[in-house]
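Starting from the structure of chain U, add chains G and X where the hints point.
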Amino acid sequence: MADHAPTETFALRVQFDTEAQQKDASTLGMWIFLVTEIMFFGGLFAVYTVYRSWYPNVFAIASSSLNEIIGALNTGVLLLSSFTMVMAVRASQLGQQKMIVIFLILTLLFGGIFLGVKAYEWNQKFEEHHIPGQAAFHLDGVLPEGQGHAQLFFSIYFAMTGLHALHMVIGVGILLTLIVQARKGRFSASYYTPVDVAGLYWHFVDIIWIFLFPLLYLIDRHLVK
Amino acid sequence: MSDPQENTHIDSVGTYVKILLALLVATGVTTAVARVDLGGFSVVVALGIASAKMVLVALFFMHIRHSTKLTRLVVLGGLLWLAILLLLTMTDFASRGILGVPGK
Amino acid sequence: MITAAAQERENYLNASHGLKSWFLTKDHKRIGLLYLATITLFFFIGGAFATLIRVELLTPQGNLVSSETYNKLFTMHGVMMIFFFLIPSIPAVLGNFFLPIMIGARDLAFPKLNLLSWYLLVVGGMFSLYAMLAGGVDTGWTFYTPYSTTYSNGYVIATALGIFIAGFSSILTGLNFIVTIHRMRAPGMTWFRMPLFVWAHYATSLIQVLGTPVLAVTIVLLFLERVFHLGIFDPARGGDPVLFQHLFWFYSHPAVYIMVLPAMGVVSEVISTFSRKAIFGYGFVAFSSVSIAVLGFLVWGHHLFVSGQSLFAGMVFSFLSYFVAIPSAIKVFNWTATLYKGSISFQTPMLYALGFIGLFTMGGLTGLFVAALGIDMHVTDTYFVVAHFHYIMVGGAIMGYMSGLHYWWPKMTGRMYPEAWARLSALVIFLGFNLTFFPQFILGYLGMPRRYHLYPPEFQVLNVLSTAGASVLAVGYLMPMIYFIWSLRYGKVAPVNPWGATGLEWKTSSPPPVHNFDETPVVTHDAYDYASLMAEEVEVG
Numbered sequence: 001m002a003d004h005a006p007t008e009t010f011a012l013r014v015q016f017d018t019e020a021q022q023k024d025a026s027t028l029g030m031w032i033f034l035v036t037e038i039m040f041f042g043g044l045f046a047v048y049t050v051y052r053s054w055y056p057n058v059f060a061i062a063s064s065s066l067n068e069i070i071g072a073l074n075t076g077v078l079l080l081s082s083f084t085m086v087m088a089v090r091a092s093q094l095g096q097q098k099m100i101v102i103f104l105i106l107t108l109l110f111g112g113i114f115l116g117v118k119a120y121e122w123n124q125k126f127e128e129h130h131i132p133g134q135a136a137f138h139l140d141g142v143l144p145e146g147q148g149h150a151q152l153f154f155s156i157y158f159a160m161t162g163l164h165a166l167h168m169v170i171g172v173g174i175l176l177t178l179i180v181q182a183r184k185g186r187f188s189a190s191y192y193t194p195v196d197v198a199g200l201y202w203h204f205v206d207i208i209w210i211f212l213f214p215l216l217y218l219i220d221r222h223l224v225k
Numbered sequence: 001m002s003d004p005q006e007n008t009h010i011d012s013v014g015t016y017v018k019i020l021l022a023l024l025v026a027t028g029v030t031t032a033v034a035r036v037d038l039g040g041f042s043v044v045v046a047l048g049i050a051s052a053k054m055v056l057v058a059l060f061f062m063h064i065r066h067s068t069k070l071t072r073l074v075v076l077g078g079l080l081w082l083a084i085l086l087l088l089t090m091t092d093f094a095s096r097g098i099l100g101v102p103g104k
Numbered sequence: 001m002i003t004a005a006a007q008e009r010e011n012y013l014n015a016s017h018g019l020k021s022w023f024l025t026k027d028h029k030r031i032g033l034l035y036l037a038t039i040t041l042f043f044f045i046g047g048a049f050a051t052l053i054r055v056e057l058l059t060p061q062g063n064l065v066s067s068e069t070y071n072k073l074f075t076m077h078g079v080m081m082i083f084f085f086l087i088p089s090i091p092a093v094l095g096n097f098f099l100p101i102m103i104g105a106r107d108l109a110f111p112k113l114n115l116l117s118w119y120l121l122v123v124g125g126m127f128s129l130y131a132m133l134a135g136g137v138d139t140g141w142t143f144y145t146p147y148s149t150t151y152s153n154g155y156v157i158a159t160a161l162g163i164f165i166a167g168f169s170s171i172l173t174g175l176n177f178i179v180t181i182h183r184m185r186a187p188g189m190t191w192f193r194m195p196l197f198v199w200a201h202y203a204t205s206l207i208q209v210l211g212t213p214v215l216a217v218t219i220v221l222l223f224l225e226r227v228f229h230l231g232i233f234d235p236a237r238g239g240d241p242v243l244f245q246h247l248f249w250f251y252s253h254p255a256v257y258i259m260v261l262p263a264m265g266v267v268s269e270v271i272s273t274f275s276r277k278a279i280f281g282y283g284f285v286a287f288s289s290v291s292i293a294v295l296g297f298l299v300w301g302h303h304l305f306v307s308g309q310s311l312f313a314g315m316v317f318s319f320l321s322y323f324v325a326i327p328s329a330i331k332v333f334n335w336t337a338t339l340y341k342g343s344i345s346f347q348t349p350m351l352y353a354l355g356f357i358g359l360f361t362m363g364g365l366t367g368l369f370v371a372a373l374g375i376d377m378h379v380t381d382t383y384f385v386v387a388h389f390h391y392i393m394v395g396g397a398i399m400g401y402m403s404g405l406h407y408w409w410p411k412m413t414g415r416m417y418p419e420a421w422a423r424l425s426a427l428v429i430f431l432g433f434n435l436t437f438f439p440q441f442i443l444g445y446l447g448m449p450r451r452y453h454l455y456p457p458e459f460q461v462l463n464v465l466s467t468a469g470a471s472v473l474a475v476g477y478l479m480p481m482i483y484f485i486w487s488l489r490y491g492k493v494a495p496v497n498p499w500g501a502t503g504l505e506w507k508t509s510s511p512p513p514v515h516n517f518d519e520t521p522v523v524t525h526d527a528y529d530y531a532s533l534m535a536e537e538v539e540v541g
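Residue numbers (the working numbering), protein chains in the order written: chain U, 1 to 225; chain G, 1 to 104; chain X, 1 to 541.
Simulated from the structure, these hints should not be mistaken for lab results.
A portion of the hints provided could be inaccurate.
Unchecked claim - 30 Å max Cα-Cα, derived DSS-like pairs, lysine-lysine: (1) X:Lys112 - X:Lys507; (2) X:Lys492 - X:Lys507; (3) U:Lys118 - G:Lys18; (4) X:Lys492 - X:Lys26; (5) X:Lys112 - X:Lys20; (6) X:Lys507 - X:Lys26; (7) G:Lys69 - X:Lys112; (8) X:Lys112 - X:Lys26; (9) U:Lys184 - U:Lys125; (10) X:Lys341 - X:Lys112; (11) G:Lys18 - U:Lys98; (12) X:Lys112 - U:Lys184; (13) U:Lys184 - X:Lys26; (14) G:Lys69 - G:Lys18.
Said to hold, decoys possible - Facing chain X, according to a computed beta carbon distance under 10 Å, are these residues of chain G, among others: (15) Leu47; (16) Gly77; (17) Trp81; (18) Leu85; (19) Thr89; (20) Asp92; (21) Phe93; (22) Ser95; (23) Gly97; (24) Val101; (25) Gly103.
Virtual Cβ for every residue (Gly too), placed ideally from N, Cα, C.
Bound conformation, chain U alone (with noise of 0.2 Å):
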């Protein structure tokens, strides 16, 4: 390897022939990586989908004990978030050092809060019981035989909330990274593909919080006055 180290850069590796190539091919991998993303919690929608259909009072009950204005104010800081590192990715394109990482902080903060509030919401389930599998559980208003199916509900909530925040937690990894990578003037107009790809991941996120805030929060919530 030693006679051709000194032709790879970060902006062109050895296997690639032009940038643009090398570009293309992290954004494409960076897509295909979003797809397994969409079929991992696919499973998880296909799990809520069966129980769902099967138990749809007992799910519109365990629904409307979330906090729906919480909920819905959480997603509204991860669209923010959203928001701010398009805005990293823009300054990226544009070349502004300082705006990088400004905006890659205020990402990281919105990412932050969202999670402190998942955090705060997971807390409450604890000190209500509604924590399948333990012997306190107990939904109010669903009837001793429904119990196991508002179980259900909480193993998928947990389930889809967690794997979600997990997520959260890795990106918020790789914005730290990306943070000191571009403090150190890595990222410039000509390569910021790390940025834009990051980026990438961190909209899918988003949209999976998209999905995951209705059909846990919202959905029959009409049922249950």
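Quick look at chains G and X alone, frame taken from chain U:
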């Protein structure tokens, strides 16, 4: 395969702000509408708004509207496979017992 | 003197030395060899379990191991062979090594990711090996709930975690291949000039990318249910274990095509080379790979015919299953048509490839039996099914793997393997394989259930035959192990193109230089253009 700059479309800040506002409004609307009794349409409206939000994020924030055909194909392929997973799974769960064979 | 000079030439093997140069390599060829060593180890571990199973089944009394141990043996045999040998086998070894070369690229698009994939497979394998050494797992390789989540005392989590990690290895390999095929082709290498091996890997990669994540999330749910009692599939709470089976087979049925499609790619290369003829119906063979990949996602419910799935869904899945036969048959007919009036020579890779065609056809046709709702009721969970999928996975996938390994061994190592020994081993494997698994068709048809170590005495003769076959098969697999290693030191030095084949991999030196080609090749011919190759030979000759 020429200069990467040529292929880069830089959207204006205004565009992004408009999209953000649209997304926030849609979030408010879907939350408010959830309290209204729409019967079976409750699911349709909630998922319809979510899909619209997804399209906005994908087209603008994820730059699909400037992307190659291949990227769009990849995305559509992913959604198609999600549909296969959901539809064929539901083929079973939505048809338990419909043929009147005991246990099937 | 010429060969000595050729040997001195710098290549990917002698360009750098030391452990670090291997364990931190980004060269797809070296990573391919790392995979080769790793999965060979896993293969022999899985084979050891198979040996114990076959020895136990020599007698009907079940007196070698306890029932519990027997459950662990077939589980660990399945886990090792499927997730740690067959899934990575051809793509990770031969695909890794040759896919970039065959399209004229210097490397895969993401070399570091490629190395990471190998590490993930190793780490995943370590988890599963740990589970096996610590006490084993007894759920069957399918991990059906609620047994796996609630009752099994085995090391379910460690094993499942191992599979989860190895799954990411598979996903990243698929992702890498797709991007490489789209973005790294040499000038002139259009889609319809690509070798069919590359097409087969493209189709395989699609399955890896689209299917494996569903297995991953299913394992996560299994984990959450077993450890945190979330109870997603818990019938006590209104959950449905059949849903687990749906999610599991959404991946695991297409996974069969992850194993067999690359083998089909190898066979297309080898049949064409040793018939000295362009493959018959190139476009059909290429598209049949992609359509097998797509159709493979529509049929998973045929694993659930007796599992409490609705009869309606059973009928839908049974009907859809037959469609897979179409592209599979297209391939077999096109290979056969390629042989017709070809100038055929029976070197070892060709012997394996011909073995593949016969055995895969057997496996495929019995697949039609078990795809039929009515017949499947009779043979479900019998040795008929065991024989069927071994004809596909061993008779198909492993024969293809062996074919490819022999075909490209000279290119990978720069040495020829001993032809006579290799032909003998191909013969031994073919005979041993049929002796092992053909009696199992009869056993299953007569009603012997799988996964039991006790059986009625009237089944003993067929079981003894099967075990005898397994020992022949074991000898057949040990032979290449010995002569391949022997050839590294004593084998004849391989020329650039020992088979007189087309394809870019035969235009670079054996073994290839670090970046595969001294100059980026420019492709001007279709794949398998033997007509013009032979015309050139005539002119020169």
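The hints, checked one at a time:
Pair hint Lys112 (chain X) plus Lys507 (chain X) holds up; C-alpha atoms about 27 Å apart against a cutoff of 30 Å. Taking the CA atoms of Lys492 (chain X) and Lys507 (chain X), the gap is near 19 Å; set against the 30 Å cutoff, the hint holds. Between Lys118 (chain U) and Lys18 (chain G), the direct Cα distance comes to roughly 27 Å. Compliance with the 30 Å bound is thereby established for this hinted pair. Proposed proximity of Lys492 (chain X) and Lys26 (chain X) is supported: the alpha carbons are some 29 Å apart, at most 30 Å.
Distance hint between Lys112 (chain X) and Lys20 (chain X) is fulfilled; the C-alpha atoms sit about 14 Å from each other, no more than 30 Å. Distance hint between Lys507 (chain X) and Lys26 (chain X) is fulfilled; the C-alpha atoms sit about 23 Å from each other, no more than 30 Å. At roughly 27 Å between alpha-carbon atoms, Lys69 (chain G) and Lys112 (chain X) fall within 30 Å of each other, so this suggested pair holds. For a cut-off of 30 Å, the pair hint linking Lys112 (chain X) to Lys26 (chain X) stands: about 6 Å separates their Cα positions.
Of the supplied pair hints, the one linking Lys184 (chain U) and Lys125 (chain U) is violated, its CA atoms being roughly 43 Å apart against a limit of 30 Å. Under the criterion of a C-alpha separation no larger than 30 Å, the hint pairing Lys341 (chain X) with Lys112 (chain X) is inconsistent with the structure, at around 46 Å. At roughly 24 Å between alpha-carbon atoms, Lys18 (chain G) and Lys98 (chain U) fall within 30 Å of each other, so this suggested pair holds. Distance check on the hinted pair: Lys112 (chain X) and Lys184 (chain U) sit about 23 Å apart at the alpha-carbon level, within 30 Å; holds.
Annotation: proposed proximity of Lys184 (chain U) to Lys26 (chain X) holds, straight-line Cα distance about 26 Å (limit 30 Å). Distance hint between Lys69 (chain G) and Lys18 (chain G) is fulfilled; the C-alpha atoms sit about 26 Å from each other, no more than 30 Å. The beta carbon of Leu47 (chain G) comes no nearer than 20 Å to any beta carbon in chain X, farther than 10 Å, and the hint placing it at the interface is violated. About 8 Å separates the beta-carbon of Gly77 (chain G) from the nearest beta-carbon of chain X, less than 10 Å, and the hint is met.
Hint status for Trp81 (chain G): holds, given a least beta-carbon distance of 5 Å to chain X, under 10 Å. At about 6 Å, the closest approach between the beta carbon of Leu85 (chain G) and any beta carbon in chain X falls short of 10 Å, and the interface hint on this residue holds. With a least beta-carbon distance of about 5 Å to chain X, the hint placing Thr89 (chain G) at the interface is held under the 10 Å criterion. Below 10 Å, beta-carbon pairs count as interface contacts, and Asp92 (chain G) has one with chain X at about 4 Å; its hint therefore holds.
A least Cβ separation of about 8 Å between Phe93 (chain G) and chain X falls short of the 10 Å threshold, and the interface hint therefore holds. For Ser95 (chain G), the suggested interface contact is upheld, since its CB lies about 4 Å from the closest CB of chain X, less than 10 Å. Given hint, Gly97 (chain G) at the interface with chain X, holds; its Cβ is 7 Å from that chain's nearest Cβ, closer than 10 Å. The beta carbon of Val101 (chain G) is positioned within 10 Å of a beta carbon in chain X (closest approach about 5 Å), and the interface hint is therefore held.
At its closest, the beta carbon of Gly103 (chain G) sits 7 Å from a beta carbon of chain X; the interface hint therefore holds under the 10 Å criterion.
Checked against the numbered hints above, the structure violates hints 9, 10 and 15; every other hint is satisfied.
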